[in-house]
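Colleague: Given the sequences, and given the hints that come with them, work out the whole structure.
Protein chains: 4
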Amino acid sequence: MIRIEDSVITAQTLEGRLAGEKQVEICSRAKLTPSAQDFLRDQGVEVVRREAGGEAPRSPVVRQADPVAVPGSRKAFAGIFCPNIVIFDGQGKINYPEMERYVNWLIESGIQGLYPNGSTGEFVRLSWEERQDVVRLISEVNQGRVPVLAGASEANLRDVLKMAEFYASIGGVDAISLVPPYYYKISDESLFEYFAEIAEESPLDILLYNIPQFTQEISLELMERLLPYERIFGTKDSSRDQPRLINTMYRLRAVRPDYVVLVGCEEILLPSVMMGASGGTIATSGIIPEVIVELYEKARSGDIERARALQYRILDLINLMLLGINFPEGFKTGVAARGFDVGPARASTSAAEQEYLLKLESQINCVLADMGYDVRGPRACPVTNLPPIVGR
Amino acid sequence: MIRIEDSVITAQTLEGRLAGEKQVEICSRAKLTPSAQDFLRDQGVEVVRREAGGEAPRSPVVRQADPVAVPGSRKAFAGIFCPNIVIFDGQGKINYPEMERYVNWLIESGIQGLYPNGSTGEFVRLSWEERQDVVRLISEVNQGRVPVLAGASEANLRDVLKMAEFYASIGGVDAISLVPPYYYKISDESLFEYFAEIAEESPLDILLYNIPQFTQEISLELMERLLPYERIFGTKDSSRDQPRLINTMYRLRAVRPDYVVLVGCEEILLPSVMMGASGGTIATSGIIPEVIVELYEKARSGDIERARALQYRILDLINLMLLGINFPEGFKTGVAARGFDVGPARASTSAAEQEYLLKLESQINCVLADMGYDVRGPRACPVTNLPPIVGR
Amino acid sequence: MIRIEDSVITAQTLEGRLAGEKQVEICSRAKLTPSAQDFLRDQGVEVVRREAGGEAPRSPVVRQADPVAVPGSRKAFAGIFCPNIVIFDGQGKINYPEMERYVNWLIESGIQGLYPNGSTGEFVRLSWEERQDVVRLISEVNQGRVPVLAGASEANLRDVLKMAEFYASIGGVDAISLVPPYYYKISDESLFEYFAEIAEESPLDILLYNIPQFTQEISLELMERLLPYERIFGTKDSSRDQPRLINTMYRLRAVRPDYVVLVGCEEILLPSVMMGASGGTIATSGIIPEVIVELYEKARSGDIERARALQYRILDLINLMLLGINFPEGFKTGVAARGFDVGPARASTSAAEQEYLLKLESQINCVLADMGYDVRGPRACPVTNLPPIVGR
Amino acid sequence: MIRIEDSVITAQTLEGRLAGEKQVEICSRAKLTPSAQDFLRDQGVEVVRREAGGEAPRSPVVRQADPVAVPGSRKAFAGIFCPNIVIFDGQGKINYPEMERYVNWLIESGIQGLYPNGSTGEFVRLSWEERQDVVRLISEVNQGRVPVLAGASEANLRDVLKMAEFYASIGGVDAISLVPPYYYKISDESLFEYFAEIAEESPLDILLYNIPQFTQEISLELMERLLPYERIFGTKDSSRDQPRLINTMYRLRAVRPDYVVLVGCEEILLPSVMMGASGGTIATSGIIPEVIVELYEKARSGDIERARALQYRILDLINLMLLGINFPEGFKTGVAARGFDVGPARASTSAAEQEYLLKLESQINCVLADMGYDVRGPRACPVTNLPPIVGR
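Those protein sequence lines, which keep their order, are chains A, B, C and D. Under the numbering used here, the letters of the first sequence match residues 462 to 853, in that order. Under the numbering used here, the letters of the second sequence match residues 462 to 853, in that order. Under the numbering used here, the letters of the third sequence match residues 462 to 853, in that order. Under the numbering used here, the letters of the fourth sequence match residues 462 to 853, in that order.
Bear in mind the hints are in silico, worked out from the structure with no lab data behind them. Please note that a few of the clues may not be correct.
Copies of one chain are not kept apart here, so a pair can be met inside one copy or by any two copies together.
Under the rule of at most 25 angstroms between Cα atoms (straight-line distance), these lysine-lysine pairs were calculated in the PhoX-like manner [to be verified]:
| hint | residue 1 | residue 2 |
| --- | --- | --- |
| 1 | K492 | K536 |
| 2 | K646 | K492 |
| 3 | K536 | K646 |
| 4 | K554 | K536 |
| 5 | K554 | K759 |
| 6 | K759 | K536 |
| 7 | K646 | K759 |
| 8 | K483 | K759 |
| 9 | K646 | K483 |
| 10 | K536 | K483 |
Here the structure is a predicted model, which is why all the values come from computation and not from measurement.
Modeller: So this is what it looks like as C-alpha cells:
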C-alpha cells in the first residue's frame, strides 16, 4: 500500500505515484476530485482512509476550519483586471504570437490583473482545449507579474472541477471565476449546493461571477449563505446594478471585511470604487489600459474631479464598443484600433455586420484621437477639441 | 367680438371674460387647451385667429422659438425633493390636519422641494378630486417656501392636460412630472408625439419621469429627440439604472447644459450626486429628512467620506421600507415611526400584512435609534453601537 | 326612522328615499357601498342594523352562503363577446350615432355578447364620464338582446366599486370584468384581498381578467383561492397562454363545474373552444363577426375541419391588425374597412403612423376580399384565389 | 494525387484514404468540414478542386440547388418522439444496461421516434464524450426501428459541426436538433448566419429547436429567412406558445408544405396536433408512452372526445413532474415510478430536494394508479375513482 498525504488529490497527483499498487491510503479528510475518482476506478485501485481519531462529523462549521479551504497566501485582488479578448489568425485558430504581444503590452501599460476566459474572452466559443490553451498562454506570458483570475465557467460541475484542476496543475492561476451553470435555470437551493460542492473540492480560490444578462442571477441572499466557504473570497458583478453592488459590499463585508468586490461595468467604475469596490474587471481596459488604471487610482486616492472627468470622457468609447454589435466584437475592434491584428471574428458575422465593424473602427479611432492618443488610422468623425486625457 | 392676448388659453382664461360674446379673437399662434376647446364648443363661440403676417409654418424649430415654451423664471430644481405620502384618517379619507403638520415638518427639516402625486403619493389609488386636493393642500401649506413638483401622470393625454391646467390655476406648482401613459405599451414614435403634444400645450414645465418598474421605459434616444421642447427641462429617473443615469447627464447636457436630472433611487444618491445629478426625489427623505439633505450637501461639497458613511448607514432603513411589503407601505410605516398618525392603508392589505407592518415599525424604530434618533416606541432589535449620525 | 330592505345599498338607493330622516334601519348583513357610506356621512344620517338573531360571525364560509353573493338568474356567458372599439367624431368626442349603428350591426351579425370598456375599448384613454357614457350607450342600444360584460377596471378599489354601482344603477349590464389594479405591482396576498373585497361589495357579478401584457398576472393559485366567492363566476384570459388556459379549466372547474372561461386571444379560439372554453372575447369579431361566430359554432359542434379552415384563414387579418401598430388602432382600421367611420385615433399618433394606417386599411381590404367579402375600397395586394369563406 | 468524390468530406472520410499522398482532388462544390480542414492542414495536404465548367458563383439560390442540401430519403418525422432521460449508476456514470432496457421498453411501448441529447437528456450536464456515448447507445439499441433525432446543441458552431460529423459517422442518426448558441445573445442577423453556415456544412438534416426559456428565441421571421436551406426541414418548438405554433405552421408551410413542426409542450399536444402539428417531442412519453401515443393517434384520426379525455387526465402527472423541482428531475422520478433504476441526479441537489423527490414519486405513483397502471410502490394520495385510461 502506498500513502499520499495531500489534502486534495487529483488524477495528476496520482499519476506516476501508484507504481502498480492496488491500494492507496489517504488522510481521512482528504478530497478526491472527480478526475481522481475516475482514475482510481479505472485502475482498480482501492482507497483506504486513515482514521485519525475524534474526527468531527462533516458540517459547514468543519468546512470552514478545513485547512484546504483556508488558503495561506492569497494574492491581493485589487485594481483593474483586464478580461482579455482572444485573437485569431487567418485560419480561425488562436494567434499565439499576437496574443503574447498583446498581453505583454497590457501588463506594461499598468493593468493590475489578467482575466482570461471571461465573457469578453468568448469562452463558450472556444473548444475545451482552446480554453486551456488560452490560460496556459496567459500564465506563461505573465510569469507572475500580476494576479491571474481565470474563468472556469463550464456548463456542469464536473467540467468546472476538471478545468480548475487543470488550472491548478499548470500553476500561475490565482483564482477562478464562476457563473451559475448556464442553459437550465435551477432553484436557489440547488445553486447553493452547486457552489458549495465546488467550494469544497476546488483546488483554487473562487470569485462568484454575477451576470444576469447571460445566465441566472446569483441572489445576494445566496452569496450570504455561501460566506462560510472561505474558498469563495469575493464576487465579480457585471449586472450593471449599482444598488445591488452597494448592498453587496455592505452586507457581505459586515461578515467578511476583506470580501473582494470587483465591478464588471465600465460606466460605473468611478462610483463603484468611490463606494469601496476593490477594483473592476473592465473590458475597456483592454483598449485604453492607461486611462482605466488612472481612473481607478484617482478614484481610490479621492481625486474625484479628475476621476469624474475621465469617467465621462470614456463614455463615447464604451457606447461605441458596447452597443449596436454583438458582444464582444466592439471591444475586439477597439483592440484593433490600438494596433493589434485581432483577426477574424469567431462568432458568425454577416457581411453587413463586418462592414459595420469597419465603420466602427474608424469612429473608435476618432474618439481615441480626441482623447490624445496618437492614432494612425483614418479619422472619420469631427473631434470635440476637448483637452487630451493621455499624453501624445 | 372680444379679444384675448394670452398665448395659452384655458377654460379658466375664458370663463367670465366672454360676457355673452359669440366671437373671440386670439393670437395666431395662441394655444387653445382641450378644456378651452370644449368650453368654446359648448358655448357656441366662434374663434378668429388674427393673422400677423409672415407666420412660419408650424415646425419643431418654431416650437422651440415659441415664447410659450420659454419660461421666464424657472425655480431652481436642485437638492432633495420629498415625494410625500398621503395620510388617511380612520374613515379612509385624506387627513388634512395631519398632512399639514407633516408637510410643515418636512420643510422645517430642510427638504429642498416637495413632490406630491408621485409614486410614493399613491396617485393612482386616489380619486381625481383627491389628487387635486393633495396638490392644493401642499401648495397652501408650502406658501412658496420650496419649489413644488406635482405628478400629473394621468392615463391619457387629455386628463394630463386637464390636471396641469388645474395645477396652473391654483398657483404654487412649479412643474409637473410625467410618466408615459400606463396600461398599454405604445411605440416610441407615439410616445414622442405624446410628450411633444403635452409640451406644446402644458401651462407648466415638465420633468420626464422614468420608472420602468411600473410603466414603459422612456428611452434615452427619446429624451434626446424631445430636447428641442424647452417646456421639458429635465428628468426624474427611478429606474435604479446608474449607467443610464450617467449617460443621461452626459448626452442630454451636451445639448442643454442646465438639463435637470433628479435621481429617484435612495441607494445611489451619493454616486449620482457625485457624478453631477441635480438632486433626488428620495422617499426616505420623508422619514429622515435631515440625514438625506446632509448626504446631498456633503456629496455636493465633496466631503465624500462623510457622505459615504451616511449612504451606508441608511441602507438598512431603506431595505426595511422597500422590501417585503407592497410599495409604499414600508415608507408610510417609516413616517409613523417619526411620530405621525399615518392612518390606514389605502391599498388592500391582508391581516398578515398588517401584522408584518407592526413588526416592521418596531424594526424601523430600532434602526432609527441606532442612527441617533430619540425613538420613543418599542425597540425590537439589537443595535450596532455605531456612532450616531444625527444629534440626540 | 326609515327602513330599507335591500341587501346592497348604494348612494342611488338612498337618494330620494331618506326624505330628511336622520336615521335609517337596514338588514344586519346588508352591504353599504363606499358611495353609500360617503352619502350617509355627508348627510349626517345614523345607520341602525337590525339584529336578526343567531347571526354567524363573518367568515369565508358565510360569505359563500350570503344570499347577496348568489345571483339568482345569471345570463349564460357563452359564445363570442365582442370587445367593441370606441368611435370618435372629428372633434375627438364619442360619436354616438355611428357607435349605435355599429353596435346594432354587431348584434345583427350574430355576436353573442357585448363587451364595452375592454382593452380594445381603450378604457384608460377615456375620461371617467366617457367610460360611463359608453356603457350607457351599449345598454340602451342592446335592449337586453345579448348579455353585456362591462369593464370596470379602475386603478383603485373605490373607483371600481363606484363604477360597478353606476353600471348596476343603469341596468342592462350583466357582469363586470376586472384586471388587477394597474401601475403598481402588489403581492398576491394583497391582490387576493383586493378581489375579495370587491367580490363582497360589488352589486354585479365578476369575471377576473388576466392580461399580463398590460398589468400584473393573476396566478392560477390566486384564482383557486377566490373560488369561494360566488360573485366571481369566471375568467377572461388574454394571456395568449394555452397551457395556462387548459389548466384553468381543469383546476377551477373541478371545484365549480360551471366556471366560465372566455379566451381573449384570436389565434387560439378553435383550440380553446375545442378544449372546453365557454367562448371568447375576440376583438376580430368586431370586424368579421359572421366568421368568428361560425368558427365558434363549428368548434362547439365538433366540425373541426371547417373550424380549422376558418381559424387559418383569419390569421393574416389578425396579424395585420395586431402587429406593427399600437393596439388597438389596427382593429379600428379593420372596422373602418367594414364601412364604419371610426374617426381619429384617441391615442397620440405620428404622421408616419397615420400613413401606415392608410396602407393597412388597403391590405385589410384585400384580405377581406379574399375571404369573400364585398369590399368596395381599393385593393392593394394580390389575392390567393382560395375559396371564399363568406357569401358575397 | 488521390481523388475523392464525396460531396461532404469529413476528417473520417479522409483518414485511411490518403495513403501518404500530399495532394487530394475533390469536386468543385464539395464541402470540407472544419474537422477535414484541420486534418488536411495538420497533414500538410494540398487540396485541388476540379473545375467542372460553368460553375455558378456561390449564392443562396445555388445553395438551394446544391445536391448536398437535398437529402434523397428522409425518414418521416411524425408522431411522438421521446426525449429520453439519462440514467446514471451509483458512481454517477452512465448506466448503459439500464439505459438499454429503458430504450427498448420505450420502442416496444410504441414510441415513434427517439430524441437523445434534448433538454430532458441534460446534454449540458454531460461531458462531450458522454453526449457521444448516449447517442451511440441509442443508435445501437434502436437498430433503425424508429427515427432518431439527436441534439447537437453545442455552445459554438465548430463544436456543433464536430458533433454532427460524429453522429453522421456512427450511422443511425436521422437528423439533429439545434438551439441558438447559448450564454451570449446575438443579433438575428448573426443568428441567421449561424444557422445558414451549419445548414451548408452539416452532414445531417436539421430541426430548429426553439426554447426561449433556456436560450434566445428563434423568431418566426428568422425561420422564414432560413426556408431556402433544405437541410433545415422543420422545427421543434418548446416555447409553450400556441399562437406562435399555429402561425409557424401557417407561414412556413405556405412555402414548404412538408415543413415538420413538432410541439415540445405536453399540455397542448392535442390542440397542436389537431391544428396540424406533425407530432411532438413529449417528455411525458418517457413515463406513459402508451397514453401519449394514443393521444396523438386519436388527435390525428379526429377522435377529439377520447383525445380530450386523455389530455385532461395527464395534466396532474405533468404538473407534478414539471413544477416545484429542477427540470428534468421530476420526469426522471416519473421514469423511476415505472420501474427503472434512474440512479442519482447529475445536477446538484440539496437534501431537502432529495426528500421532495421521494414524496413526488409517491404522488406520481398515485396518479399512475388512478390512470389504471399497475403500480407496485406505495400510494400516498387518494384516487379519484375515474375510469382507467390504460388497461391493467
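Colleague: Does each hint fit the structure? Answer for all of them.
Modeller: Hint by hint, here is what the structure shows:
1. K492 / K536: Within one copy, since 23 angstroms is at most 25 angstroms while 50 angstroms is not.
2. K646 / K492: neither (28 angstroms within a copy, 38 angstroms between copies)
3. K536 / K646: Cα proximity of K536 and K646: none, with 33 angstroms in one copy and 34 angstroms across.
4. K554 / K536: neither (32 angstroms within a copy, 37 angstroms between copies)
5. K554 / K759: neither (39 angstroms within a copy, 53 angstroms between copies)
6. K759 / K536: Intra 22 angstroms, inter 35 angstroms, cutoff 25 angstroms: intra-copy only.
7. K646 / K759: neither (40 angstroms within a copy, 35 angstroms between copies)
8. K483 / K759: Neither, since 60 angstroms and 60 angstroms both go past 25 angstroms.
9. K646 / K483: Intra 42 angstroms, inter 50 angstroms, cutoff 25 angstroms: neither.
10. K536 / K483: Intra 39 angstroms, inter 51 angstroms, cutoff 25 angstroms: neither.
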